[in-house]
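Chains as they are written, first to last, in our numbering: chain A, 277 to 644; chain B, 277 to 644.
Just so you know, the hints here were simulated from the structure itself, not pulled from any lab data.
Keep in mind that a hint or two might mislead.
Because identical chains cannot be distinguished in the list, a pair is counted as satisfied if it fits within a single copy or across any two copies.
Listed below are the simulated BS3-like cross-link pairs for lysine-lysine, each with C-alpha atoms no more than 30 Å apart in a straight line [as the list claims (entries may be wrong)]:
no., residue 1, residue 2
1, Lys565, Lys375
2, Lys558, Lys356
3, Lys295, Lys565
4, Lys466, Lys356
5, Lys625, Lys597
6, Lys576, Lys307
7, Lys466, Lys558
8, Lys466, Lys565
9, Lys356, Lys565
10, Lys295, Lys597
The lines below spell out each chain.
There are 2 protein chains.
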Amino acid sequence: MHILCPQKSLSHSISIVQKSVSLKTTLPILKGIYLEAQDQSLKLIGTDLEIGIENLIEADIIQEGAVVVDARLFSEIIRKLPDEQIELKLQDNQQLLIKCTNTEFNILCYSAADFPDLPVIEEDEVHHLSQELFRDMIRQTVFATSQEDSRPILTGVLMEIDEDSLTMVALDGYRVALRKGKIDATGHHKVVVPAKTLNEVSRIMNADEETPISITLRDNHGLFTLGNTRLISRLLEGEFINYHQILPKEYKSKVKVKTRGLLNSIERASLLAKEGKYNLVKFSITDEKLVITSNSELGKVYEELAIQLEGADLEIAFNSKYLIDVLKVVDEDEVYLEFTSAISPGIIKPVNHDNHVYLVLPVRLPNS
Amino acid sequence: MHILCPQKSLSHSISIVQKSVSLKTTLPILKGIYLEAQDQSLKLIGTDLEIGIENLIEADIIQEGAVVVDARLFSEIIRKLPDEQIELKLQDNQQLLIKCTNTEFNILCYSAADFPDLPVIEEDEVHHLSQELFRDMIRQTVFATSQEDSRPILTGVLMEIDEDSLTMVALDGYRVALRKGKIDATGHHKVVVPAKTLNEVSRIMNADEETPISITLRDNHGLFTLGNTRLISRLLEGEFINYHQILPKEYKSKVKVKTRGLLNSIERASLLAKEGKYNLVKFSITDEKLVITSNSELGKVYEELAIQLEGADLEIAFNSKYLIDVLKVVDEDEVYLEFTSAISPGIIKPVNHDNHVYLVLPVRLPNS
C-alpha cells in the first residue's frame with residue numbers, strides 16, 4: 277500500500293470510524309483501524325464486532341493494498357501533523373511509514389488479513405429519512421432504553437416501519453418514549469436497534485448536511501448510510517414488548533403547562549436529593565395551579581406553576597429523573613400532562629404534536 | 277438575617293468563593309459558605325483553612341445577621357433560580373428561607389459562630405500589579421512547582437520583590453522556571469506562595485478588568501485583593517533554594533528556533549511513549565538543522581527543524597514533558613536554546629525578552 281492524501285480529510289475520516297473501535301478487547305487487532313487503498317480512494321474501517329463504521333476518502337493511490345494500524349496512536353499522529361499532504365507507505369518490515377513535510381513516523385502494524393470482515397448487507401430495500409428528523413427521533417426515544425442487561429431487548433429501541441411511517445419506541449419498565457415520523461419507505465419492518473448504535477448514528481450525522489440518511493434493515497443487521505460513511509450494526513434478537521396495550525387511552529385530569537417552567541421547577545425540586553439518589557417530587561394539581569413539593573433531610577422546597585386544568589384535582593408523585601429526562605427532549609413550548617389516578621401512569625405529550633407520547637409510572641405514596 | 281439581592285450577582289459571588297470551600301473535610305462546617313448581611317452588603321466567605329476567599333455584593337438588608345449554608349446545595353439552588361430578586365431569611369428553626377418568584381426553599385444551615393475567622397492582614401504595605409501581567413507570571417512559572425510533598429517548599433512559587441521588580445521562581449529538581457516583571461512596590465519581600473493559591477488567584481482575575489491586583493505579603497500570610505474579592509492564603513515556611521547558583525552563566529551552543537514548530541515536533545515525537553510514561557526525545561544539533569528522534573516498541577519518529585546555530589554541534593536528550601511544559605507557556609514566536617554539554621542543563625528563553633528563563637535537566641544517554 278502506498279498513497280497520498282490531505283491531512284484534514286484523513287484526520288476527519290479517522291474521527292468518524294474511531295468511535296466503533298474497541299477500547300478494551302482481548303483481540304488486539306480490534307484496537308486497530310483497517311486501511312484499504314483501492315480505486316483512487318482510501319477506505320477506513322473500525323469495528324468492535326457489534327458495530328462497524330466504514331468511511332471512504334479520496335486519495336492518490338500509488339500502490340493498492342491494505343493494513344491495520346493501532347487506532348489511538350494513528351489518530352494522535354495524524355491529528356498532530358500539519359494541514360499538508362500525507363504519504364502512507366507499507367514497508368517490507370510490516371511497518372507503516374507516515375510522512376508529512378519534515379516529519380517521518382514508522383509504526384508497527386497488523387496484517388490486514390486478520391481483520392474481521394463486516395457483514396455484507398444486500399441493499400435491495402432502502403428507506404430514506406432526513407438527518408434532522410432521524411436525529412430528533414433518536415434523541416427523543418433513546419434516553420428511555422434500559423441500562424440494565426437483565427432484559428437485553430429493552431436496551432434497544434424498537435423501529436417499526438409501516439408504509440410511510442416510522443415509529444420508534446423505548447421503554448425500561450418505568451417509562452415509555454414513543455416518537456412517530458414520516459419516512460420514504462414501503463412495506464413493513466420491525467426491528468430492535470441497540471441504543472449504542474443509534475447514538476453512534478446520531479454522532480455521524482452532520483447538522484449542515486442536506487443528504488438524507490439511508491436505512492436498510494435485515495433480520496440480524498441494520499445498515500445506516502450517509503454520504504461516504506456506512507455504519508453496520510447487529511440488531512437485538514427477541515420480541516419487543518407490546519407497547520400499544522401499555523399506553524392508556526383515557527384520562528381523568530388533563531393539565532396544560534409550559535415545558536421549560538415545569539422542567540426548571542422539577543430540576544430545582546430534585547436538588548434536595550442526596551447525591552446518587554433520585555428525589556421524589558409531589559404534584560398537587562388543583563384548578564389553575566400545580567404545586568410541586570419535595571423534601572429530604574437537607575430541607576424542603578415548594579414550587580408553584582400556572583396551569584390549565586381540564587378534569588379532576590389530583591395528588592401524584594414521581595421520580596424526578598424520569599420527568600426531567602422527558603422534558604429535556606421535548607422541543608415544544610407547552611405540554612399536556614394526562615392522569616387517571618395517583619397510581620396509574622402519567623402521560624406527557626407536546627400540545628401541538630401527536631407524534632410524541634411519553635409515559636411515566638408514578639411513585640405510590642404511603643397514603644395513596 | 278433577612279436580605280434581598282439579585283440572583284445574578286449572588287450566583288456570581290458564590291462561584292468566586294466556592295473554589296476555596298473544602299470538598300473533603302472532617303469539619304462539616306468547612307463545606308459551607310458563610311453569609312453575612314451588614315451595611316447594605318452581603319459578604320460571602322469560603323475557606324479550607326489554607327485559602328480563604330471573601331466576596332462582597334450589594335444587597336438590600338432588612339435585618340443584619342450571619343449564617344453558614346452547605347456550599348454545594350446553596351450554589352445549585354441559586355444557579356437554578358430565575359434571574360430575579362432573591363430573598364434570604366434566617367428562620368427561627370435555624371433554616372434558611374430562599375424565596376424567588378414562585379419558588380420557596382427551606383434549607384438546614386450551620387451557626388455562623390462556628391465558622392473559622394479568616395486571618396486579619398494589616399494592609400500597611402500594598403503592592404499593585406496589572407492583572408494581565410500577574411496572570412502571565414503565574415502561568416509561566418507555576419507549572420514547574422513540585423507535585424510531591426517530600427519537599428513542601430518546592431510545591432510553591434518564590435515571589436521576591438526588590439524595589440520595583442517582582443521575580444517569580446518555581447523548581448522541582450528537574451527544571452526551573454523564572455519570570456521577572458515590573459511591580460508598583462518598594463522595599464524587599466521574599467515569600468513562597470503555594471501553587472494552589474496562585475492558581476486560585478489566577479482564576480478570580482478577570483481578563484476584562486482594568487483594575488490592578490493588590491498584594492500584601494506578611495510573614496505567614498498573603499492577601500490578594502481585586503475589587504470586591506479578597507483571597508487570603510497561608511504561605512509556605514522554610515528557605516527556598518538559591519536559584520541563582522543553578523542557572524548557568526555560559527553556553528557552548530546557542531540555537532534559535534521557532535517556538536510553535538519546536539513544540540509541535542516534540543509533541544509528535546512524544547506520541548510514541550506508552551501511556552503514563554514520558555518519552556525520551558533526542559536532539560541532534562548541527563549547522564542549520566535540529567533533528568529530533570524518538571522510538572519505542574510502537575515505532576520510531578524523525579523530525580527535522582530549521583534553526584540558526586551559534587557554537588558547537590551537540591547531541592542531547594530530554595524528557596519531552598519538561599520541554600512541552602515550557603514551550604506551551606512561552607508566548608514569543610522564537611526561542612533560544614542554550615547548551616553546554618550533553619550532561620549539563622539546557623536553557624530556554626524567548627528571543628526578545630530577558631525576563632523569562634527556563635532550565636531543564638537533560639537525560640543522560642548510555643553513550644554520553
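Which holds for Lys565 with Lys375 at a C-alpha limit of 30 Å: within a copy, between copies, both or neither? between (69 Å within a copy, 18 Å between copies)
Between copies, within a copy, both or neither: which fits Lys466 and Lys565 at Cα up to 30 Å? neither (42 Å within a copy, 65 Å between copies)
Cα distance capped at 30 Å. Does Lys466 pair with Lys356 within a copy, between copies, both, or neither? neither (44 Å within a copy, 42 Å between copies)
As a check of your reading, is Lys625 near Lys597 (CA-CA no more than 30 Å) within one copy, between copies, both or neither? Close inside one copy (17 Å), not across copies (55 Å); limit 30 Å.
Checking an output row: Lys295 and Lys597, CA cutoff 30 Å. Within, between, both or neither? both (28 Å within a copy, 28 Å between copies)
Homomeric proximity label, Lys295 with Lys565: Cα distance no greater than 30 Å: Close neither inside one copy (47 Å) nor across copies (39 Å); limit 30 Å.
Indicate which option fits the pair Lys558, Lys356 if close means a Cα-Cα distance not exceeding 30 Å: within, between, both or neither. So Lys558 and Lys356 pass the 30 Å test across copies only (19 Å; inside, 53 Å).
Is it within, between, both, or neither for Lys576 and Lys307, if the alpha carbons may be no more than 30 Å apart? Answer is between; shortest inter-copy Cα gap is 20 Å, intra-copy 50 Å.
Have a look at Lys356 and Lys565 and pick one of within, between, both or neither, based on CA distance no larger than 30 Å. So Lys356 and Lys565 pass the 30 Å test across copies only (21 Å; inside, 58 Å).
From the Cα coordinates, with 30 Å as the cut-off, is the pair Lys466 and Lys558 best called within, between, both, or neither? Answer is neither; intra-copy 38 Å and inter-copy 60 Å both fail.
Of the numbered hints given earlier, the model fails hints 3, 4, 7 and 8; all others are met.
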